[in-house]
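Asks: Chain by chain, the residues run as shown.
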Amino acid sequence: MHRLTHLERLEAESIHIMREVVAEARKPVMLYSVGKDSAVMLHLAKKAFYPAPPPFPLLHVDTTWKFRDMYDLREKAASDAGMDLLVWHNSEAQSRGINPFDHGSVHTDMWKTEGLKQALDHYGFDAAFGGARRDEEKSRAKERIFSFRSNAHGWDPKNQRPELWNLYNAKMAKGESIRVFPLSNWTELDIWQYIMAESIEIVPLYFAARRPTYIHDGGLFMADDLDRLEKVMGRRPEITERSIRFRTLGCFPLTGAVESEAATLAEVVQEMLLATTSERQGRVIDQDDGGAGMEKKKQEGYF
Amino acid sequence: MADSSSPTYQADRLIAEDIEAYLEQHQNKSMLRFITCGSVDDGKSTLIGRLLYDSKMIFEDQLDALEADSKRIGTQGQEIDFALLVDGLAAEREQGITIDVAYRFFATEKRKFIVADTPGHEQYTRNMATGASTADLAVILVDARKGVLVQTRRHSYIAHLLGIRHIVLAVNKMDLVNYDPAIFEGIVAEYQTFAATIGIENFTAIPLSGFKGDNVASAPSANTPWYSGPSLIEHLENADLSNERAQAGAFRMPVQWVNRPDLDFRGFCGLITSGTVRPGDAVRVVPSGKTSTIKSIVTSGGDLDEAVAGQSVTVTLADEVDCSRGDVIAAADDPPQSSDQFEATVVWMNDEALKPGRGYWLKLASQTVSASVREPKYEINVNTLDHLAAKTLELNAIGVVELQTDRPITFEAYAESRALGGFILIDKITHATVAAGMLHFSLRRAQNVHWQALDVTREDHAALKNQRPAVLWFTGLSGAGKSTIANIVARKLHRMNRHTFLLDGDNVRHGLNKDLGFTEADRIENIRRVGEVARLMADAGLIVVTAFISPFRAERQLVRQMLPPGEFIEVHIDTPLSVAEARDVKGLYKKARQGQLKNFTGIDSPYEAPESPEIRIDTTSMTPEDAAEHIVRHVIGGW
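Those sequence lines, one after another, are chains F and Z.
Here our numbering is used: the first residue of the first sequence is 1, the next is one more, and so on.
Here our numbering is used: the first residue of the second sequence is 1001, the next is one more, and so on.
Just so you know, the hints here were simulated from the structure itself, not pulled from any lab data.
Note that the Cβ used here is the ideal one computed from N, Cα and C, for glycine as well.
Check each hint, because a few of them may be wrong.
[Stated by the list, open to error] List time: in silico DSBU-like cross-link candidates among lysine-lysine, alpha-carbon distance up to 30 Å:
hint, chain 1, residue 1, chain 2, residue 2
1, F, LYS171, F, LYS142
2, F, LYS142, F, LYS47
3, F, LYS142, Z, LYS1212
4, F, LYS47, F, LYS171
5, F, LYS27, F, LYS171
6, Z, LYS1110, Z, LYS1146
7, F, LYS174, Z, LYS1110
8, F, LYS27, F, LYS231
9, Z, LYS1586, F, LYS142
10, Z, LYS1391, Z, LYS1492
11, F, LYS47, Z, LYS1110
12, Z, LYS1391, F, LYS142
13, F, LYS142, F, LYS76
14, Z, LYS1514, Z, LYS1377
15, F, LYS47, Z, LYS1290
16, Z, LYS1428, F, LYS117
17, Z, LYS1212, Z, LYS1290
18, Z, LYS1295, Z, LYS1428
19, F, LYS27, Z, LYS1110
20, F, LYS47, F, LYS76
21, F, LYS171, Z, LYS1391
22, F, LYS46, Z, LYS1146
23, F, LYS117, F, LYS47
24, Z, LYS1598, Z, LYS1428
25, Z, LYS1428, F, LYS171
26, Z, LYS1295, F, LYS47
27, F, LYS117, F, LYS174
28, Z, LYS1212, Z, LYS1295
29, Z, LYS1377, Z, LYS1590
30, Z, LYS1377, Z, LYS1295
31, F, LYS231, F, LYS46
32, Z, LYS1590, Z, LYS1391
[Stated by the list, open to error] Some but not every residue of chain F turned toward chain Z, in silico, with C-beta under 10 Å:
hint, residue
33, HIS6
34, ALA23
35, PRO51
36, PHE101
37, GLY104
38, SER105
39, GLU143
40, THR187
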């Protein structure tokens, strides 16, 4: 008997999900955030449709505030996969100069939540793959693999379809769309193990290195673009070089770094397993509105 | 707290000292999906919280939040309330209940586990069936103080119905009965008697305390020296897996997608549901029956020598055979059957009850077809397991039904294969998943009635009459003017040498449909029959005019789908209810208002107006003669 490992079974499930969407949706797209989960999702898509390239484009809903390393890998990953890369900037956020310092959670709302809706409407995508996992956050434990959104992209927890076996109902009326989460059943450890087993390229910021850092509101951040920071903050933050890495990646002024010496995948996993705080804690977004922050954002259309 | 430091889960030392060795070990874990059934009172959330906690799936920040929450809204006084770890949505947290299926993850050194957590209150059936559908094992919780309850039977029945082979009877809260072995054994004996009656042949009973941790990680706990079985974790780590068992079966792979990047490559993609496949294996494409051999199993890392049940693969065949999404590639000498009529058990999952006769989408593996469900043979009372007579199935009802698909589907009995025997039903209008079903067997009728090919085709009939067949489907409220206008239309067409036939609602009810009443189910069957007759007449080359209230969109859609594109012309005779009621030609509205007529459209039964009919007639602004002229011009003008 050929015993399948948990990674092989997770891989088979994710590939099955992607193929169902491609077979049933009119115009799918893969949301690509350049993080490690996106990297795994893209890798699975390549496997699912090999030897053809994945039959959908990548979409990056950009805020213009990502780390430079992320922009570099974004271009490379899309071209390696032979896929079109679509980048969306919310022009309203851009013209109003919405930024993470002056506008706090409005920044996320305008650039990401509104930006995503605009991009999906603009291109007419009816299915969007996202890299969210159920283990990330409490309210996600109940999220379906196929998550239905109304015309206005709203998510109604009471109006989701039951998912039995591996039978996904992708029927939609005009204007409705689905978010599909092929990594629903993966945990953070699974993601890391798969990255190791499959040698998947990820942004170097996940590994510790000496980088320029500053302290802001009690958090440790990396000065990825000092001139721009200065312009927005109105002062030049005090820079100290530290050995840091990131457990999760987003906008550089909003993504807290951790001091670390973990420079290899094995060391990163080791650090994660011995860690005493959960993954998303580095992101400011969950702490809005107490524990219900993510859930509220989801109802408003945030991924 | 009892031993939460069992070596089974606490791998801290290895992680810290030799991470490479740890990772090596963890690359080779297997995966088990299981479901926990019980109510909040049984301590289910507490037990799951404990599994997560003991396996280090909880971080310090979560633990801090948990401690704070426990004091604020917990039910365990000053102690940690593990249940709070697994409650998710804000509204549910406030109500103190879980209302859906939540999936939790934890791992030991041997296995990764996915736990489906479903509630134990009244809305349980739909959620539990969902959680059980992907589970290999069910943990059925019983409160040691209360023993086997009605809900214990219900959970066991649903778990067994959904094909779960491993049942664990977790007798929880043993700490509250002083770990008394007599209490444990009494509960086990009672459960054994019951389990045998529903076909559960064996189960594993474990005395537990989720709160204190006894027999969760290791066994026996110091408090239960009399117990000689495995701990819950040990049992979960050793239960056999259905995907491994499936490898022994015949090869089957439902085709999800055909990969054609260029003219030289044609790969068939799918998840292998049973058996093993190797290059050179003889296979048969079902339902066409064409045979070929496997040429290669293609992956980005090079071709494989073998693939097994549970893997998503791409295979190529040695011959150019027709094969597309919905087909099943199977072992040539042992293929699955096809049929279009079945008996099945159905779990109803929607607020809108089953409408016998209505067409639903049926999805089974990668096949999607139209299916109609007959009136249930019986409903099963999940508490008593009695069979009840039923006309329909409401939300959370389970019943045995016969169903018919519009074309044959490839299947196996659910007991043999979850993948080829489990299906969902989808409402054609709302697209909601309304039911889940498990096929029992094919009704023999389908295998013996074959479609007879006719020498004189529908095209021949139409050509002889020098016209294009059509069905002019009039719909509207009683008294809207359907029959009046339809008669004029038929007369005008007849004068123009067109071959027509008018099917009128009242007339049909005197003959063909005199056995039908006016319940929703009967009205659906009424329209289905008229649709079939209209189709036969259109096949014979006629222009058919029908005048029926036909209040439901789904049935009109069903008739539309029976006919070739363009032949179904929906004519909405649009008259406001107040106008139709004021006319009241047959005095029916008066009777309905007085309660003498039940299920009267517009009064106590809904009318679903067409959203985009081919023709809409506003009778408040048009005479019947003008309306008929308009319709005739639409029909003739198009030719």
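Asks: Enumerate the violated hints, using their earlier numbering and listing them in ascending order.
Replies: The structure breaks hints 6, 7, 8, 9, 10, 12, 13, 17, 18, 19, 22, 28, 29, 30, 31, 36, 37, 38; every other hint is satisfied.
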